[in-house]
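Single-letter residue listing:
Protein chains: 2
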Amino acid sequence: MQVNEVVAYIQARKDRFVADLREWLAIPSISGDPAYAGDVRRSAEWLAGHLSEQGFPTVEIWETQGHPAVYAEWPAEDPDAPAVVVYGHHDVQPVEPLEEWDTDPFKPVEKGDRLIGRGASDDKGQVFFHTLGLRAGLAASGRAAPPVTIKLLVEGEEESGSVHFADLLHAHRDRLACDAVVISDTTMWSADVPSMCTGMRGLTEAEVTLRGPSRDLHSGSFGGAVPNPLQAMAVLMSALHDADGRVTLPGFYDDVVPLTDEERDLFARLPFNEDEWLQSAGDSRAAHGEKGYTTLERIWARPTAEINGMWGGHTGPGGKTIVPHEAHAKVSFRLVAGQDPRKVQQAFEAWVEEHTPNGVEAEVRMQPGGVRPCFSPIDSPSVKAARRAMERAFGTEVLFTREGGSGPEADLADVLEAPLVFVAVGLNGDRIHATNEKVEIPLLLKGAEAAAYLWEELAVALR
Amino acid sequence: MQVNEVVAYIQARKDRFVADLREWLAIPSISGDPAYAGDVRRSAEWLAGHLSEQGFPTVEIWETQGHPAVYAEWPAEDPDAPAVVVYGHHDVQPVEPLEEWDTDPFKPVEKGDRLIGRGASDDKGQVFFHTLGLRAGLAASGRAAPPVTIKLLVEGEEESGSVHFADLLHAHRDRLACDAVVISDTTMWSADVPSMCTGMRGLTEAEVTLRGPSRDLHSGSFGGAVPNPLQAMAVLMSALHDADGRVTLPGFYDDVVPLTDEERDLFARLPFNEDEWLQSAGDSRAAHGEKGYTTLERIWARPTAEINGMWGGHTGPGGKTIVPHEAHAKVSFRLVAGQDPRKVQQAFEAWVEEHTPNGVEAEVRMQPGGVRPCFSPIDSPSVKAARRAMERAFGTEVLFTREGGSGPEADLADVLEAPLVFVAVGLNGDRIHATNEKVEIPLLLKGAEAAAYLWEELAVALR
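Going line by line, the protein sequences match chains A and B.
The first sequence begins at 1 in UniProt numbering and counts up by one.
The second sequence begins at 1 in UniProt numbering and counts up by one.
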């Protein structure tokens, strides 16, 4: 395969690529709003038609209990070649507040190198570069089929919680059998600093209720002589972290895959400006977290306990001198590589039980399930192969990032039992989920180029 | 003065006393509900008429910005005799839920020894025994005027916060000049165990706001790397008490008048059943409070810090994985003899400032004013005199209690610069502020008897 031929193929089809993408972006496939259900289906049908046109021998609409997904398969010539699932989604976020958009979110506009419209970066643009890349790879190599079997799975419910996605994976597990999963739904560090995500934090959520007296008590008559559930809650919640910002649940860190020195070095080479980051964090006044870790390490690679909500007693205007009968808190844990949401849930339940003072009754309700963290070691064969493909496209070293939260990625890794590889060209500045979402067209073309190289790199790596 | 003559006088007028009281109780003088403003005034006018009938040479209606008070004065024969203000109130609590009353709250009913109706115990009945007692004392002694000048002040806003009471006291300070204030608006331990209140806790209230980021943050993207105001609030509130249940504000206990051994002994002699008390405390499961003190000492004679309300972040159904931008707490302090609400306010403000972590901004709003604690040492001349009067009436030793909360009593002590003495015959079982309020008629008559003796005891003690 000649690099120049790949680039030449992509450049020659650039206008058509953008025109097709604009057509798709014009379909308001907002999965979170039932009023747009027909549009989500129209988006799936449009994509299915496009993928057929692009030469995929198999294209199917896969129904779910909610919105449909699109599945397209392009088998390798060699029946023993590895298979790779490529994941993306064709649904988009809502667009409110509409008045803050400079252009119609569903009338995509090109401004210089930018394509502006809902879904341009998240995730239609990033699904789209794969077909261009695949065809560029085929054209440059002169072959009729890719060096790995490609199984493109484009979900229709990612922006509304992927509620039926695990079921979909289970239902089609045999068809989706693969050696690796390529996720194209994340971001790079910046246009100048290409990077790959290697992990996403998982999540488990709980609600704690502490009960004291059967009714609110007059604090003059009873205050100071019976347990106050709000005080007990303050003590409980304050005990969740130690003075070093570490979570105190017994065993919480036992299974955590530690950051390697190499990964910490590569993180540290990212041009990170903490002041700018704090500004983006709602003008936070200071960084704060687990001792011994940088901000990026804290949000990407370290688990946390966070109080998301807390309430009890009198919360209206003015004073009310009571001992409240109940206190409530919502707590969530972000989990990293190696941690099991169920183990953390059990540890939390036991910890609350143990730390509830005499005279107060505790109830812990865990949100069922939880999200498992996902993680791709930087020295794994598929990550190395994808990194080579990215480096060939970008002509520079590719660094590594992680993400602090996650969607359905862990389901893919768990159900398909395959390593994840993150290949994406979105930017943090793409304003995904916000108004005036955009994508950098040159980066989409770089993504297509990386995708062109990806299959031959993976074919070698996964053998 | 002959005891028998006092008792005989009271017994002879018992039916008339109850009939008059029933007439007054029928007036729904609910000060907290503007719809009853006319009834509160009618209650004042009825009382003024009654006091004139009973022989008070001076009876006046004193206007306030809110509901009127009644003032009646009966000068001693000796112009150098001490003067005593007697405090009570003629307004009553609301009566909801009406369907839980067995009888109409404003159609007083006698059942055996009980008189049932709103205000029977709190406070019309207890105001009423004073006139009967005063006339019994005069009749028994054969004198036309009492041995001390009696200045009866019956407020009309006690049940709605006594909002204009301090102004009223300031406006009439010269008329109200006195050597002691008798408060008849509390309770005894039980019908078998007569007792006198000797102190009431004061109060100061605050609202704390902790601010972090300017908006709620996604806990996946930012969690674990910026301060969480709810966590900071939990740490702050948990630090308000130490492991022994003591309040940690610097200097908080410095000015507290300690319980004397004698007072602790007398408290301990009260037949207190902690299980029953816990049941009355909303079925609380365990006593809890400052180490080294009994439950009665904790609620009567020890200061406290209580979280009355706390809130922030997501408090609705389901999960929301955020770092909240704000956290709030309402805190109140019950204060005891010697403590100054302003000093505690200042200490709290400084303490919050000092204990707020880097990156979080704190705001403390104190409720203006606060309620000063009030306290009458058990060995003070006026308390000893009143105790003798009570013991003569009840024929048994009178023990001491205190109250955990207070109304306008501290204003009386502060503005009139006179010691307080609590003479009352209500019971905790009288269901004041609740449905089916009642009073024990024999106790009202004992109250009248104690009041008959009180003036000669005080005349001696206050000389």
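Keep in mind that the hints were calculated from the coordinates and are not lab data.
Computed from a predicted model, the values in this text were never measured in an experiment.
Keep in mind that the hints are not guaranteed to be accurate.
Said to hold, decoys possible - With a straight-line cut-off of 27 angstroms between C-alpha atoms, the simulated DSSO-like cross-links for lysine-lysine are: (1) A:Lys-343 / B:Lys-320; (2) B:Lys-14 / B:Lys-111; (3) A:Lys-320 / B:Lys-14; (4) B:Lys-291 / B:Lys-343; (5) A:Lys-320 / A:Lys-384; (6) A:Lys-14 / A:Lys-107.
Said to hold, decoys possible - Derived coverage of chain A by chain B (criterion: at least 3 residues anywhere in the stretch with Cβ under 8 angstroms from a Cβ of chain B; other residues may be distant): (7) 11-22; (8) 72-82; (9) 127-135; (10) 164-176; (11) 198-205; (12) 296-308; (13) 398-412.
Note that CB positions come from ideal geometry on N, CA and C, so glycine has one too.
Tested hints:
no., hint, verdict
1, A:Lys-343 / B:Lys-320, "holds (21 angstroms)"
2, B:Lys-14 / B:Lys-111, "holds (15 angstroms)"
3, A:Lys-320 / B:Lys-14, "violated (41 angstroms)"
4, B:Lys-291 / B:Lys-343, "holds (24 angstroms)"
5, A:Lys-320 / A:Lys-384, "violated (62 angstroms)"
6, A:Lys-14 / A:Lys-107, "holds (19 angstroms)"
7, 11-22, "violated (count 0)"
8, 72-82, "violated (count 0)"
9, 127-135, "violated (count 0)"
10, 164-176, "violated (count 0)"
11, 198-205, "holds (count 3)"
12, 296-308, "holds (count 8)"
13, 398-412, "holds (count 4)"
When held up to the earlier numbered hints, the structure conflicts with 3, 5, 7, 8, 9 and 10 and fits the remainder.
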